[in-house]
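So you can see what is in the structure, the chains are spelled out below.
2 protein chains.
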Amino acid sequence: MARWQSGSRERLAASALRLFASQGFEGTTVAEIAAEAGLTERTFFRYYTDKPEVLFAGQGEFEALFLDGPETSTSTSPMELVASALDGAAAYFPDERRSWSRSRQVVVTGNVALHDRELHKMSALADALTAALVKRDVDPTAAALAAEAGVSVFRRAFAAWIAEGETRPFVDIQRGVLHQLQALLGSR
Amino acid sequence: MARWQSGSRERLAASALRLFASQGFEGTTVAEIAAEAGLTERTFFRYYTDKPEVLFAGQGEFEALFLDGPETSTSTSPMELVASALDGAAAYFPDERRSWSRSRQVVVTGNVALHDRELHKMSALADALTAALVKRDVDPTAAALAAEAGVSVFRRAFAAWIAEGETRPFVDIQRGVLHQLQALLGSR
Chain A
1 MARWQSGSRE RLAASALRLF ASQGFEGTTV AEIAAEAGLT ERTFFRYYTD
51 KPEVLFAGQG EFEALFLDGP ETSTSTSPME LVASALDGAA AYFPDERRSW
101 SRSRQVVVTG NVALHDRELH KMSALADALT AALVKRDVDP TAAALAAEAG
151 VSVFRRAFAA WIAEGETRPF VDIQRGVLHQ LQALLGSR
Chain B
1001 MARWQSGSRE RLAASALRLF ASQGFEGTTV AEIAAEAGLT ERTFFRYYTD
1051 KPEVLFAGQG EFEALFLDGP ETSTSTSPME LVASALDGAA AYFPDERRSW
1101 SRSRQVVVTG NVALHDRELH KMSALADALT AALVKRDVDP TAAALAAEAG
1151 VSVFRRAFAA WIAEGETRPF VDIQRGVLHQ LQALLGSR
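Protein chains in written order, with our numbering: chain A, 1 to 188; chain B, 1001 to 1188.
If we strip away everything but chain A, and leave its shape as in the complex, we get:
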């Protein structure tokens, strides 16, 4: 992940984010993004199908990391399978990515359509994790509850990880949030 900031793809992503932050997502064209990166529009479309894709690329890789644990773990406990999914997802967020993720989040939450797409993505992730758990013989309702709890923990961990001044690694924050949820639900 040390090379994450290099390459045309990454330069385009960084340029896009700079422009979205300074002049808004709607107010930025693909031509401007390419120019800012010192590349052509044609090169942009070699890497991304459209402008929003800059913010949502990598979804397949992220989902693969998220589902690897539940699919390969030897455990049969729903929450251990979910914990393995969360640890896998944490690998997608090394410290080098934190400042990019922080800027991306400002853009996504500031635009209704992007925010809805993010909600849709999280809902699809919970559905995929539910399916993975059902394949591991977890009862469907328990699978859905455990998967949604997992995605909820992921989202809280992500919000904490990108908070100003936060320096702990993603994986540690996320394990803490999972324990917090377990403590909350265990105590009535």
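Keep in mind that the hints are not guaranteed to be accurate.
With a Cα cut of at most 25 Å, we get these calculated SDA-like pairs of lysine to any residue [unchecked claim]: (1) Lys1121(B) <-> Gln59(A); (2) Lys1121(B) <-> Met122(A); (3) Lys121(A) <-> Asp1127(B); (4) Lys1135(B) <-> Ala1064(B); (5) Lys1051(B) <-> Arg1009(B); (6) Lys1135(B) <-> Gly186(A); (7) Lys135(A) <-> Ala159(A); (8) Lys135(A) <-> Arg1155(B); (9) Lys121(A) <-> Ala1128(B); (10) Lys121(A) <-> Ala1126(B); (11) Lys51(A) <-> His1120(B).
If the Cβ cut is set under 10 Å, some of the chain B residues that face chain A in the computed set are [stated by the list, open to error]: (12) Thr1076; (13) Pro1078; (14) Val1112; (15) Leu1114; (16) Ala1126; (17) Ala1144; (18) Glu1148; (19) Gln1180; (20) Gln1182; (21) Leu1185.
These are calculated hints, taken from the structure and not from any lab test. Ideal Cβ positions, reconstructed from N, Cα and C, are used throughout, including at glycine.
Knowing the structure of chain A, use the given hints to seat chain B on it.
Using the frame of chain A, we list chain B on its own:
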């Protein structure tokens, strides 16, 4: 709630749902809905601002029921406050509403835009519950986790309640799902 099937508003809703089911949401016009209900288009717009509104009306009333418990309960335990929200929400789903909710769900899940609107609604509900818990001095991360767990329980309970052949009252199903989540999270 015995009068729920009477009145122009309810007749329009029932007619809309019949038409959405038989000819699709997109393929149905407001004029057809009004005609099916034996009313005018003008009457339709007295009750609903637009066609999707037929499926999403009552959101304010539902949210009020959901938030009443957490705002007025004397408990300070986050999960007891969430449990009170869930019991309040159950009042919105008397048995007379079950078949309408069942048909509505088929329409909503069959249309991407409506499904996204439903996701958005659930996300807004979790945000509102989070805010209500924070007002009750719950730590913000704990509030968000507890609120999202609550909305997750609500969604599972709703799915079970509208399942073919299910006859148990909403409130009983929902309490069972909450206990199932607590057992899941309590046992690692």
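ask   = Is the hinted pair Lys1051(B) and Arg1009(B) satisfied, with a Cα-Cα distance of at most 25 Å?
value = Distance of about 13 Å is within 25 Å: holds.
task = Verify the interface restraint on Gln1182(B): the C-beta must sit less than 10 Å from at least one C-beta of chain A.
result = 5 Å, holds
ask   = Can the hint on Ala1144(B) be confirmed by a CB-to-CB distance to chain A that is less than 10 Å?
value = Holds, about 6 Å.
ask   = Going straight from one Cα to the other, do Lys121(A) and Asp1127(B) come out at no more than 25 Å?
value = Satisfied, since the Cα-Cα distance of roughly 18 Å is no more than 25 Å.
inquiry  = Hinted pair, alpha-carbon criterion (25 Å max): Lys1135(B), Ala1064(B). Please report holds or violated.
reply    = 16 Å, holds
request  = Sort out whether Arg1155(B) lies within 25 Å of Lys135(A), counting only the CA atoms.
outcome  = 21 Å, holds
key: Status of the Thr1076(B) interface restraint (C-beta, 10 Å, chain A)   = Violated, about 12 Å.
inquiry  = What's the verdict on Lys121(A) and Ala1128(B), does the C-alpha distance respect the 25 Å limit or exceed it?
reply    = 21 Å, holds
task = For the pair we were handed, Lys1121(B) and Gln59(A), check the Cα-Cα distance against 25 Å.
result = 24 Å, holds
query = Quick one, are Lys51(A) and His1120(B) close enough, alpha carbons at most 25 Å?
reply = 22 Å, holds
key: Closest C-beta approach of Pro1078(B) to chain A relative to 10 Å, hint status   = 6 Å, holds
key: Restraint status (C-alpha distance of Lys135(A) to Ala159(A) at most 25 Å)   = 30 Å, violated
The earlier numbered hints that this structure contradicts are 7, 12, 15.
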